[in-house]
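Each chain, written out:
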Amino acid sequence: MSNDFVEDDEVLYRCVFYGKNGYKIIENSIKVSSQAFTDRNQRPSVDRAKLCNHDPRHTQKDPRDGVVSLVTKDVRLIDSIIQNDQKGNPEFSYKIDVIYRPLEDNHAHAQIEPSPEYRNAKPFRKLLERLAYLANQREWDIEPLIEKL
Amino acid sequence: MNKPSINRAKKQHYYVKPAPVRRVGNSQLLNIKPYLSESNSQKNRIAGSLISLFPEVENCLPKFNNEIENLDTRIIYKTNKLIKTLRLIAQKNKFWWYEPLGNISIDKEIVLEWWNQKKKLSIYVCSNSIDFIKVWGADMDNEMEDGAIYLDNNLLKSLWEWIAN
Chain A
1 MSNDFVEDDE VLYRCVFYGK NGYKIIENSI KVSSQAFTDR NQRPSVDRAK
51 LCNHDPRHTQ KDPRDGVVSL VTKDVRLIDS IIQNDQKGNP EFSYKIDVIY
101 RPLEDNHAHA QIEPSPEYRN AKPFRKLLER LAYLANQREW DIEPLIEKL
Chain Y
1 MNKPSINRAK KQHYYVKPAP VRRVGNSQLL NIKPYLSESN SQKNRIAGSL
51 ISLFPEVENC LPKFNNEIEN LDTRIIYKTN KLIKTLRLIA QKNKFWWYEP
101 LGNISIDKEI VLEWWNQKKK LSIYVCSNSI DFIKVWGADM DNEMEDGAIY
151 LDNNLLKSLW EWIAN
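In order, the protein sequence lines correspond to chains A and Y.
Under my numbering, the first residue of the first sequence is numbered 1, with each subsequent residue one higher.
Under my numbering, the first residue of the second sequence is numbered 1, with each subsequent residue one higher.
One thing to keep in mind: the hints can contain errors.
Unchecked claim - Some, not all, of what chain A presents toward chain Y, calculated at C-beta under 10 Å: (1) Gly22; (2) Ser29; (3) Lys122; (4) Arg130.
To be verified - Partner residues are not named here, just some residues of chain A that face chain Y (Cβ under 10 Å, in silico): (5) Lys24; (6) Ile82; (7) Lys126; (8) Gln137; (9) Trp140.
The set of hints was computed from the structure by calculation and includes no laboratory data.
Where a beta carbon is used, it is the ideal one built from N, C-alpha and C, also for glycine.
Starting from the given sequences, assemble the full structure and let the hints guide the process.
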C-alpha cells in the first residue's frame with residue numbers, strides 16, 4: 001500500500017525544542033505552548049510515526065528536546081478555523097489536512113496544511129491553539145530536559 | 001537630550017549606545033518616544049538593549065533569543081505594562097496568578113500564555129493591537145473565544161477573572 005496518503009489513525013510527532021519556551025511546568029504537568037507548533041510558512045512540520053519505527057527520538061534535533069504527538073484524525077477534524085470578512089462576519093472555514101511531504105533527509109516528514117491558504121494571522125493562531133490543546137490531551141512521547149535549579 | 005549617543009570604537013566601527021531611561025511613577029518609561037522615530041536597524045539594536053529595562057518581558061521570554069532584537073519597542077513597552085497590570089489586578093482582587101510563558105511569534109508579536117486547570121489564555125501583543133484567545137475545551141465553536149483588548153483595567157480585570165476562577 002502506498003505511503004503517500006497519511007491515514008487517519010496515524011500518530012504524528014512534533015519536536016518541542018529545548019530552550020525556546022515551548023513548554024511550561026504547571027503543577028507537575030508539562031504544558032506544551034501553542035508556539036511550539038508555529039511555522040514560518042504556516043504549515044507546521046510533523047513526522048509520521050509509522051515511517052520512523054514509532055521512535056520519537058527520530059524527531060528530536062537535540063537530546064534535550066521534547067516530543068509531543070497528535071493523531072491525524074484529530075487534526076483533520078479541526079473544522080472551525082473560520083475566516084471572517086472585514087466586518088467580522090464568517091466567510092468560510094478552512095479545511096485542515098495532513099499532507100505527506102518527504103524530505104531528502106527526513107522520509108517521515110509531513111505538514112499540517114490549510115485549504116485555502118490563510119489570509120491573515122488570526123486563523124493560524126487558532127490552529128496553533130488547537131494543536132497545542134490536542135497535544136496537551138496526550139502524554140509526552142519524550143519529555144524535554146528540565147533543568148533543576 | 002535623550003537621543004542615543006554614538007560612540008566611536010576601534011577600527012571605525014560604530015554602535016548605538018541607548019540613552020539612560022528615567023522611571024517616573026507608574027507611567028514607567030517616558031522617554032520611549034525618541035526611540036520610535038529611529039530607523040528600523042537602529043530600533044532593533046535599541047530593542048535588544050532596552051529589554052533589560054523591561055523586567056516583566058525579559059523574564060518571560062526565552063533567554064538568548066536573537067528575535068528580541070527584531071521586536072518593535074512599542075510591543076516591549078505594552079507587554080511590560082500588560083503583565084504588571086494583570087499581576088496588580090490579581091493581587092488586589094486575590095485572584096490566582098502565575099507568571100506567563102512568553103514567546104516571540106513569526107509575526108514578531110509577543111505571545112503570552114497562561115494555563116489554569118482546563119482554561120488557557122493566550123494574549124498576542126502586536127504594535128497596533130492586543131488580541132486574546134480563550135480556550136476551555138475541545139469544541140472550537142463553543143469552547144474557544146477570541147477578541148481584542150486594550151490596556152484598560154476593567155477589561156483586563158474581567159479577562160483575568162475568567163482564567164482565575
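Quick rundown of the hints versus the structure:
At about 8 Å, the closest approach between the beta carbon of A/Gly22 and any beta carbon in chain Y falls short of 10 Å, and the interface hint on this residue holds. Taken as an interface hint, A/Ser29 checks out: its beta carbon lies about 9 Å from the nearest beta carbon of chain Y, inside 10 Å. The closest approach between the C-beta of A/Lys122 and any C-beta of chain Y is roughly 7 Å, which is under the 10 Å cut-off, so the hint is satisfied. Given the 10 Å rule on beta carbons, the hint for A/Arg130 holds: about 6 Å separates it from the nearest Cβ of chain Y.
For the restraint placing A/Lys24 at the interface with chain Y, the shortest Cβ-Cβ distance is roughly 4 Å, inside the 10 Å limit, so the hint holds. For the restraint placing A/Ile82 at the interface with chain Y, the shortest Cβ-Cβ distance is roughly 9 Å, inside the 10 Å limit, so the hint holds. The closest approach between the C-beta of A/Lys126 and any C-beta of chain Y is roughly 7 Å, which is under the 10 Å cut-off, so the hint is satisfied. The closest approach between the C-beta of A/Gln137 and any C-beta of chain Y is roughly 8 Å, which is under the 10 Å cut-off, so the hint is satisfied.
Because the smallest distance between the Cβ of A/Trp140 and any Cβ of chain Y comes to about 15 Å, over 10 Å, the interface hint for this residue is violated.
In this structure, only the earlier hint numbered 9 is contradicted, and the remaining ones agree with it.
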